[in-house]
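Undergrad: Okay, here's what each chain looks like letter by letter:
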Amino acid sequence: MTNAAAVAVVATAENVRSVGYRVNVTAEPVQPFFTPAQILPPELSPTAIRDALIDEEREEFLRAYHEAIAEADRTIDLTRVLEVLTNYQRIAWLTKHQGVEVHRRMLDQVAHAQRTGEAPPGSVGAAEMRALLRKRLAR
Amino acid sequence: MYEVILYEDAQDQAKALPDDALLSYFDALDVLELVPENGLLYNNEKPDGLRELLFGGSKQGKITYLWPRRWQEVHIVAVTWLDLSG
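One line per chain: the protein sequences are A and B, in this order.
Residue 100 in our numbering sits at position 100 of the first sequence, and the numbers go up by one each step.
Residue 163 in our numbering sits at position 24 of the second sequence, and the numbers go up by one each step.
These aren't lab readings, by the way, just hints derived from the structure by calculation.
Every residue gets a Cβ at the ideal spot worked out from N, C-alpha and C, and that includes glycine.
Treat the hints with care, since some could be wrong.
[Claimed, not checked] Coverage of chain A stretches by chain B, computed from C-beta distances (three or more under 8 angstroms per stretch; other residues unrestricted):
(1) 66 to 74
(2) 114 to 125
[Unchecked claim] No more than 20 angstroms apart at the CA atoms, straight line, and that leaves these computed lysine to aspartate or glutamate pairs for EDC-like:
(3) Lys185/B - Asp108/A
(4) Lys135/A - Asp166/B
(5) Lys154/B - Glu101/A
(6) Lys154/B - Glu176/B
(7) Lys185/B - Glu67/A
(8) Lys154/B - Glu128/A
(9) Lys185/B - Asp77/A
(10) Lys198/B - Asp169/B
(11) Lys96/A - Glu59/A
(12) Lys198/B - Glu176/B
[Unchecked claim] If you only want the chain B side, here are some residues facing chain A, beta carbon under 8 angstroms, derived:
(13) Leu145
(14) Ala153
(15) Asp166
(16) Tyr181
(17) Asn183
(18) Glu184
(19) Leu189
(20) Leu193
(21) Gly195
(22) Trp210
(23) Gln211
(24) Ala217
Throw the hints in and build the complete structure from the sequences for me.
TA: What follows is the structure, encoded as structure tokens:
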């Protein structure tokens with residue numbers, strides 16, 4: 001006899017108080033290992049990703065997500081959905097980590113550089129930055 | 140060998156790196172000067188867009204950069220570090 005069956009014999013909704021349980025229990029079988037919450041951590045939830053993204057990246061995410069959901073509906077396969085969530089979760093993390101204002105400026109500067117081939121004013125070479133940081137390490 | 144350039148925000152972020160991250164950060168700069176194609180895509184749907192290179196013992200550092208294939212320059216646009224001590 002399994003534990004679940006044993007509980008069903010000794011504890012029912014009617015006699016639960018009389019057999020010594022301090023709270024109501026259930027004999028219903030449970031699946032502790034495969035809840036949606038465990039499969040999908042909070043940072044991978046579509047709403048968390050959507051809320052963390054800015055403007056055009058949010059639109060790109062929603063378009064990709066809806067396409068992936070439609071594909072999953074046809075194929076009964078969630079792989080594409082999970083790929084989209086993982087892809088945009090990384091972008092959402094960077095957005096949150098460096099802040100919306102810096103992230104937006106980054107995307108604007110990238111778009112400008114892609115159009116013109118030019119780095120924005122104030123940019124420096126890695127050698128200069130390396131020398132500055134090495135000086136700090138030497139102190 | 141490619142010329143690596145840092146945008147202003149990336150400079151500030153690099154200056155904020157902890158001391159124990161700097162050596163692996165320098166190694167990552169070396170990688171970008173030689174083989175920028177080794178980075179992962181920032182957005183898998185945009186193969187010509189930004190890329191990312193991880194650094195640090197636990198890969199908690201990330202350099203985000205632009206390297207269109209016709210360029211001889213690599214533009215670092217962000218340097219982030221995840222503090223794992225907390």
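Undergrad: Work down the list of hints and note, for each, if the structure agrees.
TA: Hints, one by one, checked against the model:
Figure legend: the region 66 to 74 of chain A, annotated as covered by chain B; annotation inconsistent (0 residues with Cβ-Cβ distances under 8 angstroms, at least 3 required). With 8 residues having a Cβ less than 8 angstroms from any Cβ of chain B, the region 114 to 125 of chain A passes the three-residue criterion, so the hint holds. The suggested pairing of lysine 185/B with aspartate 108/A holds, with an alpha-carbon distance near 16 angstroms, which does not exceed 20 angstroms. About 17 angstroms separates the Cα atoms of lysine 135/A and aspartate 166/B, which keeps this hinted pair within 20 angstroms; it holds.
Of the supplied pair hints, the one linking lysine 154/B and glutamate 101/A holds, its CA atoms being roughly 19 angstroms apart against a limit of 20 angstroms. Distance hint between lysine 154/B and glutamate 176/B is unfulfilled; the C-alpha atoms sit about 25 angstroms from each other, more than 20 angstroms. Under the criterion of a C-alpha separation no larger than 20 angstroms, the hint pairing lysine 185/B with glutamate 67/A is consistent with the structure, at around 16 angstroms. The hinted pair formed by lysine 154/B and glutamate 128/A meets the criterion: a straight-line CA distance of about 12 angstroms does not exceed 20 angstroms.
For a cut-off of 20 angstroms, the pair hint linking lysine 185/B to aspartate 77/A is broken: about 23 angstroms separates their Cα positions. Distance hint between lysine 198/B and aspartate 169/B is fulfilled; the C-alpha atoms sit about 16 angstroms from each other, no more than 20 angstroms. A distance of roughly 17 angstroms separates the Cα atoms of lysine 96/A and glutamate 59/A; the hinted pair therefore holds under the 20 angstroms criterion. Annotation: proposed proximity of lysine 198/B to glutamate 176/B holds, straight-line Cα distance about 18 angstroms (limit 20 angstroms).
Checking leucine 145/B against chain A: minimum C-beta separation of about 5 angstroms stays under 8 angstroms; hint holds. At about 6 angstroms, the closest approach between the beta carbon of alanine 153/B and any beta carbon in chain A falls short of 8 angstroms, and the interface hint on this residue holds. Proximity of aspartate 166/B to chain A is violated relative to the hint, the smallest CB-CB distance being about 11 angstroms (cut-off 8 angstroms). A distance limit of 8 angstroms between C-beta atoms decides the matter here; for tyrosine 181/B the minimum to chain A is near 7 angstroms, and the interface restraint holds.
With its C-beta approaching chain A no nearer than about 5 angstroms, asparagine 183/B sits inside the 8 angstroms limit, and its interface hint holds. Taken as an interface hint, glutamate 184/B checks out: its beta carbon lies about 6 angstroms from the nearest beta carbon of chain A, inside 8 angstroms. The interface hint given for leucine 189/B is met, as the beta carbon of that residue sits about 6 angstroms from the closest beta carbon of chain A, less than 8 angstroms. Hint status for leucine 193/B relative to chain A: violated, with the closest Cβ pair at about 11 angstroms, above 8 angstroms.
This hint is violated: glycine 195/B has a C-beta 14 angstroms from the nearest C-beta of chain A, more than the 8 angstroms allowed. Annotation: tryptophan 210/B was flagged as interfacial toward chain A, and the flag holds, the nearest CB pair being 7 angstroms apart, inside 8 angstroms. For glutamine 211/B, the shortest C-beta to C-beta distance to chain A is roughly 10 angstroms, which exceeds 8 angstroms, and the interface hint is violated. With 8 angstroms as the threshold, the beta carbon of alanine 217/B comes within range of chain A, its nearest partner Cβ sitting at about 6 angstroms, so the hint holds.
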